[in-house]
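Protein sequences, first through last, are from chains A and B.
If you're matching positions, the first sequence starts at 48 in the numbering used here and goes up one per residue.
If you're matching positions, the second sequence starts at 31 in the numbering used here and goes up one per residue.
Derived by calculation from the structure, the hints in this document are not laboratory data.
Take the hints with a grain of salt, since some may be wrong.
In the SDA-like style, the derived pairs of lysine to any residue whose C-alpha atoms are separated by at most 25 Å in a straight line are [claimed, not checked]:
(1) Lys99(A) - Ala122(B)
(2) Lys91(A) - His179(B)
(3) Lys91(A) - Arg118(B)
(4) Lys91(A) - Thr239(B)
(5) Lys91(A) - Val164(B)
Heads up, incomplete: computed chain A residues facing chain B, CB under 10 Å, no partners named [said to hold, decoys possible]:
(6) Val85
(7) Glu87
(8) Glu93
(9) Phe96
(10) Val111
(11) Ser112
(12) Asp113
(13) Val115
(14) Asp119
(15) Leu122
(16) Ala123
In silico negatives: residues of chain B with every beta carbon more than 12 Å from chain A [unchecked claim]:
(17) Ser69
(18) Pro160
(19) Arg312
(20) Gly429
Quick caveat, the model's predicted, so the values are computed rather than measured.
Positions of the beta carbon are idealized from the N, C-alpha and C atoms, including for glycine.
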Amino acid sequence: MSTLQTLQDILVREYRLTHEQVGPEAVLSTLGLDSLSVLELMFKIEDRFLLKIADNTPTDLVTVSDVVRYIDGLLALQAPVGTAAQTSVRASM
Amino acid sequence: MTCRVAITGLGVIAPLGNSVDALFTDLIAGRSGIRRLTSARSERLRSPIGAPADFDSAALFSPIRLRMLDRVSQLALLAAGQAIADARLTFASESRERCGVFVGTSMGGVVTTDEAYHSMYGERSERVQPLCVVAAMNNAPAAWIGIDHGLKGPNLTYSTACSSSAVALGEAASRIRCGEVDVMLAGGAEAPLTYGVLRAWEAMRTLATPDPIDPATSCRPFSHNRSGLVIGEGAAFVVLEEWQHARARGAHIHAEFSGYGLTSDVAHITRPTVEGQGTAMRAALRSAQLDPGRIDYINAHGTATSQNDAVETAAIKDVFGERARAIPVSSTKSMHGHLLGAAGALEFVISVVALERGTVPPTMHLNVPDPACDLDYVPEHARSGLPLRAVMSNSFAFGGTNAVLIAEAVDDAHGPRF
Chain A
48 MSTLQTLQDI LVREYRLTHE QVGPEAVLST LGLDSLSVLE LMFKIEDRFL LKIADNTPTD
108 LVTVSDVVRY IDGLLALQAP VGTAAQTSVR ASM
Chain B
31 MTCRVAITGL GVIAPLGNSV DALFTDLIAG RSGIRRLTSA RSERLRSPIG APADFDSAAL
91 FSPIRLRMLD RVSQLALLAA GQAIADARLT FASESRERCG VFVGTSMGGV VTTDEAYHSM
151 YGERSERVQP LCVVAAMNNA PAAWIGIDHG LKGPNLTYST ACSSSAVALG EAASRIRCGE
211 VDVMLAGGAE APLTYGVLRA WEAMRTLATP DPIDPATSCR PFSHNRSGLV IGEGAAFVVL
271 EEWQHARARG AHIHAEFSGY GLTSDVAHIT RPTVEGQGTA MRAALRSAQL DPGRIDYINA
331 HGTATSQNDA VETAAIKDVF GERARAIPVS STKSMHGHLL GAAGALEFVI SVVALERGTV
391 PPTMHLNVPD PACDLDYVPE HARSGLPLRA VMSNSFAFGG TNAVLIAEAV DDAHGPRF
């Protein structure tokens, strides 16, 4: 599953949205996700992608594809430390 | 300027029913909403009973909305929505700055707080839900009601433990009486059935011992074998309206909100006093300009603790004298449990419906007389066909804030009271 598909899956399951609503250009605020809701979405993303997201999440995530780019960026940075990083995230939960 | 206050809308989400009609039908039938709890960690409780509200939050709120709403705000929004619908108010022609919201809650968004503490201290997680603060804050229920219905007047939250929502109602009525506002949504909400909260109450040795055969009968106000209170959850709201405002729009007036007495014990932090409770009842009677002889029904605070029930009985006798034994006094907590900060509003709604229908709900599970409790508690069976003109609802609290409310039957021939 691509990053986009996984993110769409989270949005559909957790926020009871339809696949049609969560296309790449869909605007998060239009979907009902304000800035605090986007912060909460980051928890779901951490769990699903096994990522560690810092407290200073960017606030300029406007569309679904903005979030996809952000996740891909984190994956690229955190993938090399792979197993170790994932283990520590899991242990802290 | 002193305005009369009309009660034009009622709404409840309560252990026994999610509408005023359903609730009252159950109360008259003597049904109890108290049961063995099955929620997380309840098996670790010594007294694993409570009176939960039963509603489908996923069907009633969107998932995004739900993340911002603690259970206490969900209950409040649903009950307030019912009261507004009952009053047939759309706020289309009202001046919104003259419409407000007063809410009473003792513990606020404690489900959120409890879960966050469990996650942080229990599971050693470093993550806290970003919506934790706005979900848990005590004024969230009032804020959401104001936002949803566009009410721009005063928006306040009262927290005086178990008299919180009686205070909210009384203060709201006072704002209308003095002409500051036209319409007030006033009520209470409480969602305290979490492991952390119930353990804390257990630690005070105030909770009832569960009946081993039928847990539904565990709360026994005024009975010699009473063993303490049973905590319930829910919300109750009323629409209070300036009399002429209500008449001008042709609203149905359930009753007149005519009296509010507010006093403080300034004694022990938990132990009630006959004097404090009595002076609150007298203050409410003065506020309604009624002689004690005019009260036809009292919905007692009646928690089923050893202390409260004996002290409240003595206070009623002190205020009403010889006539005390002739007044039906019931504690509906025997069926819906103690809704803490929401109790006063719920019991006032029940009192108003009793007044309208001439039917008094019973005190259930009162089967062993206590010499210290010798009033007419309407034991075991409701009483109907009563010509009720004025009813009193008592709310007392840890901390000592006593609030007593009075409602009177609508009598068009009566003319202006003030």
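Agreement of Lys91(A) and Val164(B) with the hint, judged by alpha carbon distance not exceeding 25 Å: holds, 20 Å
Whether Arg312(B) stays farther than 12 Å from all C-beta atoms of chain A, as the label says: holds, 49 Å
Quickly compare the C-alpha distance for Lys91(A) and His179(B) to 25 Å and report which way the hint goes. violated, 32 Å
Compare the distance between the alpha carbons of Lys91(A) and Arg118(B) with 25 Å, and conclude whether the hinted pair is satisfied. violated, 42 Å
Against chain B, is Val85(A) within 10 Å by beta-carbon distance? holds, 9 Å
Take the shortest C-beta to C-beta distance between Glu93(A) and chain B; is it under 10 Å? At about 8 Å, which falls below the 10 Å cut-off, the nearest Cβ of chain B leaves the hint on Glu93(A) intact, so it holds.
Does the claim that Pro160(B) lies outside the interface with chain A hold up, using a Cβ gap greater than 12 Å? violated, 4 Å
Hint validation: Ser112(A) versus chain B, beta carbon distance must be below 10 Å. Holds or violated? Violated: closest Cβ of chain B sits about 20 Å from Ser112(A), beyond 10 Å.
Have a go at the Leu122(A) hint: is there a Cβ in chain B nearer than 10 Å to its own Cβ? Given a least distance of 19 Å, the restraint on Leu122(A) is violated.
With a cut-off of 10 Å on the beta carbons, see whether Ala123(A) makes it to chain B. violated, 23 Å
Given Val115(A) was flagged as interface, is its beta-carbon under 10 Å from a beta-carbon of chain B? Where the cut-off is 10 Å and the nearest Cβ of chain B is about 20 Å from Val115(A), the hint is violated.
Would the hint on Glu87(A) stand, with a C-beta cut-off of 10 Å toward chain B? Check passed: Cβ of Glu87(A) comes within 5 Å of chain B, closer than 10 Å.
Hint compliance for this structure: hints 1, 2, 3, 4, 9, 10, 11, 12, 13, 14, 15, 16, 18 are broken, all remaining hints hold.
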